[in-house]
Amino acid sequence: MCQDCGCGKPGPTRIDGVPAETIASPLLDPAGAGAVLAHRHPHTHAHTHDHAGGQEHWHEHDHEHSHEAGHEHDHHHEHGSAHAHEHGGGVDHPHEHAHTHGSGHQVLLVNQPVLAANDRVAERNRGYFKALGLLVMNVVSSPGSGKTTLIQQTVAKLGSRVRTGVIVGDLETDNDARRLRESGARAVQITTGTLCHLEAGMIARALTALDPRGLDVLFIENVGNLVCPAAFDLGEELRVVVLSVTEGEDKPLKYPPIFHAADAVIVSKVDLAEAVGISMELLRANIRRASPRAKVFELSARTGAGIEAWCDFIAERHAIGLRPV
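Just so you know, we're using this note's numbering here: the sequence shown kicks off at 2 and counts up by one.
These are calculated hints, taken from the structure and not from any lab test.
Be careful, since some hints might not be right.
To be verified - Listed below are the simulated SDA-like cross-link pairs for lysine to any residue, each with C-alpha atoms no more than 20 Å apart in a straight line:
(1) 255 x 283
(2) 255 x 265
(3) 158 x 187
(4) 131 x 209
(5) 131 x 224
(6) 158 x 131
(7) 131 x 316
(8) 255 x 285
(9) 158 x 272
(10) 296 x 265
(11) 255 x 282
(12) 158 x 314
(13) 296 x 318
(14) 158 x 184
(15) 158 x 297
(16) 158 x 179
Whenever a hint applies, use it, and build me the whole structure from the sequences.
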């Protein structure tokens, strides 16, 4: 489940060219196959806390999680306020505890180890990409920012200089992958069903259909969303945020985590800036506030303005990755 929006159970997730029975969320089933593990059983436990002044308080916690994999188990444990349990299959489950103190206020302690499984798969992806000499870019943005058109034009402009492939993520349809294939790109579609982001395990499985060994650069077009994808490492080398001028100047300030993590920010549709009344000066300033280290490109995929500088950046970063350390 997404830690940001709680978008619920994944799926049905589908990947072009990958058998459905091999697709599972690595956050729910790290082995990559088998039953989706969701545990539900109530248990109560009490423990004490020592506070300043020598007062001792005890609290009872009730929490429950469900089993949909067809098994039951009992267990006993003692622990502190925030903890995770490991069950069969190596799955970590986060728990939330609410403590009510004498002052009348409530303290909510949350532990979310759910991303640990994703991060382990992401590191394996990263090592695999490095061994292949493959530059991987995770391209994130709001819906409608022009990601697909940008990638289309980038692939065409790079031409024979760089061999490119694309993994596309959407909740439904394979429209973007078909568009990219029509332009000559090697593309695989992931449809996530209900998940508002891609996960590292999905990328690992999509690679079996894409065969990246003959590629120089891999674009991962993430699900359109400025919130959830920020939390999920896919194993990429570069995270690229695409921001359309039609979205307004304040998006970097409203959604700082995804901009803060960016290696590059692309301001797209700059040919529409005057028509929509955007202040490019204010937009640049807000990008710098949220993402001071990112390389910024201003371009229009429709007119081709600024595309050359962006493509040169990609070719240079790929060449850097091939140099011996």
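Q: Hints the structure violates: just list their numbers, smallest first.
A: Violated hints: 5 and 6; rest satisfied.
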